[in-house]
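Q: For reference, the chains in residue letters:
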Amino acid sequence: MATYRAPADRRRAWTYVPMTALAAFFLFPIVFMLAASLKTDHQIFADMDSVRAFLPVGDLSFANYAAVFDRVPFWRFLGNTLLVTAAVTALGLVVNSMCGYALARMRWRGRGLVFGLVIATLILPFDTTIVPMVYLVANLPWIGFDGLTPVLEFGWLNTYRVQIVPFIVNAFSIFLFAQYFKSLPKGLEEAAAIDGAGWLRTYWRIIVPLSKPVFATVAILTVVTSPATWNAYLWPLMTVQSEELRPVMVGVQYFFQLDTAWGEVMAYISMITLPMVVVFLVFQRAFIQSIASAGMKD
Amino acid sequence: MAIAVERPVEGAAQAAPPPRRRSRSRAEQRAATAFAVPGVVLLLVFVIGPAVVSLVLAFTNARLVSPTPPEFTGLENFQRAFTEDALFRRSLLNTFVFAAVVVPLQGGLGLVLALLVNQRIAGRNLFRTIYFLPVITSMVVVSLLWRFLYQEDGLINSGLSLLTGGAWAGQAWLAEPSTAMGAIVVMSVWQGVGFHMVIWLAGLQTIPEEVYEAGALDGATPWQRFRHLTLPLLKPTFVFVLITITIAAMSLFVQVNIMTGGGPVGSTSTLVLQIVQKGFQQQQMGYGAALSLVFFCIVLALALLQRRLTRDGD
Amino acid sequence: MQRRRFFQLAAASGGAALAGPALTACSARGGSADGELLLWSHNAGSPLEIEVTESIIEAFNGSQDAYTATLEPFPQDVYNDTVNAAALSGDLPDLLTVDGPNVANWAWAGHLQPLALDAAVTDRFLPSVLGRFQDELYAIGHWEAACSVFARQSVLEAAGVRIPTMEQPWTREEFDDALLQVAGSGGYQYAIDFSTADTGEWYPYAFSPFLQSFGGDLIDRETHLSAAGVLNGPEALAWGQWFQGLFTSGLANVESPGGAEDFMQGKAAMAFHGNWGALAAADLYDDVLYLPPPDFGAGPKIGGGSWQWAVTSTADGAGANEWLATAVSDEYVAEYANRTGLIPATDAAAELTEHYGTDGKLRMMVDYSKAYAVLRPETPAYTVIASVFGQYTGDIIHGGDVQESLDAMVAEIDADIESNAGYGF
Chain V
1 MATYRAPADR RRAWTYVPMT ALAAFFLFPI VFMLAASLKT DHQIFADMDS
51 VRAFLPVGDL SFANYAAVFD RVPFWRFLGN TLLVTAAVTA LGLVVNSMCG
101 YALARMRWRG RGLVFGLVIA TLILPFDTTI VPMVYLVANL PWIGFDGLTP
151 VLEFGWLNTY RVQIVPFIVN AFSIFLFAQY FKSLPKGLEE AAAIDGAGWL
201 RTYWRIIVPL SKPVFATVAI LTVVTSPATW NAYLWPLMTV QSEELRPVMV
251 GVQYFFQLDT AWGEVMAYIS MITLPMVVVF LVFQRAFIQS IASAGMKD
Chain R
1 MAIAVERPVE GAAQAAPPPR RRSRSRAEQR AATAFAVPGV VLLLVFVIGP
51 AVVSLVLAFT NARLVSPTPP EFTGLENFQR AFTEDALFRR SLLNTFVFAA
101 VVVPLQGGLG LVLALLVNQR IAGRNLFRTI YFLPVITSMV VVSLLWRFLY
151 QEDGLINSGL SLLTGGAWAG QAWLAEPSTA MGAIVVMSVW QGVGFHMVIW
201 LAGLQTIPEE VYEAGALDGA TPWQRFRHLT LPLLKPTFVF VLITITIAAM
251 SLFVQVNIMT GGGPVGSTST LVLQIVQKGF QQQQMGYGAA LSLVFFCIVL
301 ALALLQRRLT RDGD
Chain Y
1 MQRRRFFQLA AASGGAALAG PALTACSARG GSADGELLLW SHNAGSPLEI
51 EVTESIIEAF NGSQDAYTAT LEPFPQDVYN DTVNAAALSG DLPDLLTVDG
101 PNVANWAWAG HLQPLALDAA VTDRFLPSVL GRFQDELYAI GHWEAACSVF
151 ARQSVLEAAG VRIPTMEQPW TREEFDDALL QVAGSGGYQY AIDFSTADTG
201 EWYPYAFSPF LQSFGGDLID RETHLSAAGV LNGPEALAWG QWFQGLFTSG
251 LANVESPGGA EDFMQGKAAM AFHGNWGALA AADLYDDVLY LPPPDFGAGP
301 KIGGGSWQWA VTSTADGAGA NEWLATAVSD EYVAEYANRT GLIPATDAAA
351 ELTEHYGTDG KLRMMVDYSK AYAVLRPETP AYTVIASVFG QYTGDIIHGG
401 DVQESLDAMV AEIDADIESN AGYGF
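Going down the list, the sequences are from chains V, R and Y. Take the first sequence: its position 75, counted from the start at 1, is 75 in full-length UniProt numbering, and no numbers get skipped. Take the second sequence: its position 98, counted from the start at 1, is 98 in full-length UniProt numbering, and no numbers get skipped. Take the third sequence: its position 35, counted from the start at 1, is 35 in full-length UniProt numbering, and no numbers get skipped.
No wet-lab data here; the hints were simulated from the structure. Ideal Cβ placement from N, Cα and C applies to all residues, glycine included. Hints may contain errors.
Stated by the list, open to error - Once the Cα atoms are required to be at most 27 angstroms apart in a straight line, the calculated DSS-like pairs of lysine-lysine come out as: (1) 186/V - 235/R; (2) 235/R - 212/V; (3) 361/Y - 267/Y; (4) 212/V - 186/V.
Claimed, not checked - Label-pair restraints from in silico Cβ distances: (5) 86/R - 425/Y: 22 to 30 angstroms; (6) 225/V - 158/Y: 15 to 23 angstroms; (7) 71/R - 234/Y: 32 to 40 angstroms; (8) 225/V - 228/R: 32 to 40 angstroms; (9) 298/R - 188/V: 40 to 48 angstroms; (10) 281/V - 64/Y: 39 to 47 angstroms; (11) 185/V - 211/R: 21 to 29 angstroms; (12) 177/R - 64/Y: 39 to 47 angstroms; (13) 96/R - 35/Y: 30 to 38 angstroms.
Stated by the list, open to error - Listed next, the stretches of chain V that the computed footprint assigns to chain Y, with coverage defined by at least 3 CB atoms under 8 angstroms from CB atoms of chain Y: (14) 14-24; (15) 59-72; (16) 232-242.
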């Protein structure tokens, strides 16, 4: 751990000035959101020209929060988001790490080609291929069950799987895994082979335990940045028609009907933001350390 | 995050895997295939597949919904984009301008934040959390929030008016062609800089303490230490930050879609916005696909250029 | 239909791997005669409307044994995208709501089948709530909407402005003068509120009728093949310059929030707003007036055609039409109007409502609708027309060059029509 050692306490105290100013800059919209969520629309606009905008003062109530529950099935949406996020993240860790492992530490024909493929897709933003994607998932086959009889079905729209499966694989995750695995000491597999362990066992018993930081990093990045997890918006809008399957971000649209109730909007976006804040507060230290140590092994 | 910049393609080909006995090679081929197949199949179906469809559609007049089959139209879509579609050219320019401003701003501010919260001082975890908060706030939420803040009677104006003792006259930030892009830049940096702070922080923490101790013994000033010790050691992180911000900046979409819809007077229209607007909203799928292809080529070229430039510096 | 289309596309793009599943036609939902009727609507988040629809469904399900109907509401902002995505996969429901101007596009695309309703039923409805494409009836609406100029009698009188009537609407000069007078008199920040933040369909719906009153139009309605001349000719230029002037001179707010909020909050003296906001305005101001729009030469015009019900091409037509027959009774037409404040689509229903009967306080909305409503062009190209018109009208009010903006609209609309071989016109 390298840190600057400030030569004097006075200097150290001085750094709090810019740090606090910056903190205010990063916090003010969020504080405003929380304060406004407790106010009536009229009060939100009236408070706009003073510091009252940030303070929970005036005629406060949880009426906006209560109204949210009238307008959207909040728990259902939250449950859907949690389910999809957990599935994409967990399956992604398995699939991407194994692919990354094969690329980093195994010798096989086609490896160069696959790595090239992974790199090429790194720069392909999801938004630009979304239309052909809709075409594709609308026509993909799936084995469903009618009672106990398996039936071949077509079309993935309006399911959980359409929100999960296309986002399991992620070129960036594969890349991070591969780079980390490459940095592990050579000869791990040799030693394991002498003990009679197969590839899967070696991977599961030796590689994975040595690679916790990169697993943690990829998990966090998936939750925070994937277009299919906590922030899923455009994709479920286009592919999920049933209200029972919708995630939380889509619920935002419910508040922009003929007239916008801003207090309710603020309450809803507070409700969908707070869970992530809590999770981050809990894992903050582990998160930064995992990214740092994922990078340290070079 | 030094890992992330280890010469991707060539690295894979050159970095020899651990030496192994010949007898294992066939088993290794089988095992590796089994390991890689799920990822490769998903990649082919859900990433490469749509990209290829898009590539083909770019040369047709395909419409999103239509009773008639698409026809091959050659380079017509590209000709339209570059000779007739003024909004596309405007969007191209806007996207480059946005990237040119955001990349140094967000990268630089991220480094400053990282240096600040890397000090061994009380409360640094709190500050890290605060600076990172916008990153975990969904872009959809952030865009709604800032659209509200930027209004003429919104909080930004009242704040500026307060700071200037009332001298500041209200300004409808998102409604003025001259200020809308600047407003988008500020909120984008606000949202994204925490992420790159963490990346820089990770880079800083890979620098061994002895380096600084040696520097301190030489009597170097903090600036000299930063300039001659820290910065060179952060080179790999720098390349990573540069490339990821560039790609993200070139893909600017959600913010403008929610906050301005590309207006006023095309001043915040971007490439990806045009792709979605033309390809989906206006249902001109073939044309949208052509714009996607142009976009892909530009980003690819930029990424390659940046890698080349940064590698030549070695 | 959609499956075949996908196959053609896949084949055309050489995506043989993708074409496999498309060969097997099998629709997961809707389409089958299994007695299930699935309905989609655009109004998630508007419980009042949904309650009426649910009560129709309840009555329908209770009245017969052959069919069971269920409703799935969607958020309005993304409804069209959702329907188009579902159409791609053949996952359309049996019945769905469709915004009037989209009827042509969806009928042409093959999403919809013609309705089998008696002329005796449909003749009772306002012509503007009947969604037609190429002489076939595809959709029918419970309600209509109408825009008017919201103003306060006291404010107009204080400013010495003549109160217009349907017999004698404001001329352009009178209207411009009225705006100047009210802006000067009452200490208002703006003379008129156009709810410019309501992007999307509001722009063509609310503002293209001004263009038509000036003598321009969105497309040549004879041929439906080009916008040249009507959308960038001298009449259109006059419209654009006039409209832009309202904003550049500060009479109107470029960044006004939606829902006539500036008017409701007392920042704007008047508003151009829809009847759905009329009751809220009456609650705030006891002297509010809903005035006919000005006549810019070709007569006063307002937008016509609101949300309507249509039967999808894959639906069980018999069941869907049976549901519709239940739904279009005057009782429900009146119920929607009572709950939502929208204009009932039949005269008989209007008499059953609180505000739209002969002596009702919103009766004039019915008259405006009958006298002034102009339908948005009934062509599949409307998707592009609406998007392009909204975008460049935004440019115009933000001070963009008017002629350039109009020419750009025409270029984009004509390019789209051309690349679709005229959409069958």
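Q: Each hint needs a verdict: does it hold in this structure or not?
A: Hints, one by one, checked against the model:
Distance restraint check for residue 186/V and residue 235/R: the Cα-Cα separation of roughly 26 angstroms lies within the 27 angstroms cut-off, and the hinted pair is therefore satisfied. For the hint linking residue 235/R to residue 212/V, the alpha-carbon distance of about 25 angstroms falls within 27 angstroms, and the restraint holds. Of the supplied pair hints, the one linking residue 361/Y and residue 267/Y holds, its CA atoms being roughly 25 angstroms apart against a limit of 27 angstroms. Between residue 212/V and residue 186/V, the direct Cα distance comes to roughly 18 angstroms. Compliance with the 27 angstroms bound is thereby established for this hinted pair.
Against the hinted window of 22 to 30 angstroms, the Cβ-Cβ separation of residue 86/R and residue 425/Y comes to about 27 angstroms, which satisfies the hint. Range check, residue 225/V to residue 158/Y: about 58 angstroms between beta-carbon atoms, so the 15 to 23 angstroms window is missed. Taking the beta carbon of each, residue 71/R and residue 234/Y are about 37 angstroms apart, inside 32 to 40 angstroms as hinted. As the Cβ distance of residue 225/V to residue 228/R is approximately 34 angstroms, the hint placing it in 32 to 40 angstroms holds.
Look at residue 298/R against residue 188/V: about 41 angstroms separates their beta carbons, and that is inside 40 to 48 angstroms. For residue 281/V and residue 64/Y, the Cβ-Cβ distance of about 57 angstroms falls outside the hinted range of 39 to 47 angstroms, so the restraint is violated. The beta-carbon spacing between residue 185/V and residue 211/R, approximately 24 angstroms, falls within the hinted interval of 21 to 29 angstroms. For the pair residue 177/R and residue 64/Y, the supplied restraint of 39 to 47 angstroms is violated, since their beta-carbon distance comes to about 59 angstroms.
Look at residue 96/R against residue 35/Y: about 58 angstroms separates their beta carbons, and that is not inside 30 to 38 angstroms. Beta-carbon proximity to chain Y at under 8 angstroms applies to 0 residues in the segment 14-24 of chain V; the threshold of 3 is not reached and the given coverage is violated. Given a C-beta distance limit of less than 8 angstroms, the hint that chain Y covers the segment 59-72 of chain V holds, as 3 residues qualify and 3 suffice. Against chain Y, the segment 232-242 of chain V contributes 5 residues with a C-beta closer than 8 angstroms to a partner C-beta. That satisfies the three-residue criterion, and the hint holds.
Violated hints for the displayed structure, listed by number in ascending order: 6, 10, 12, 13 and 14.
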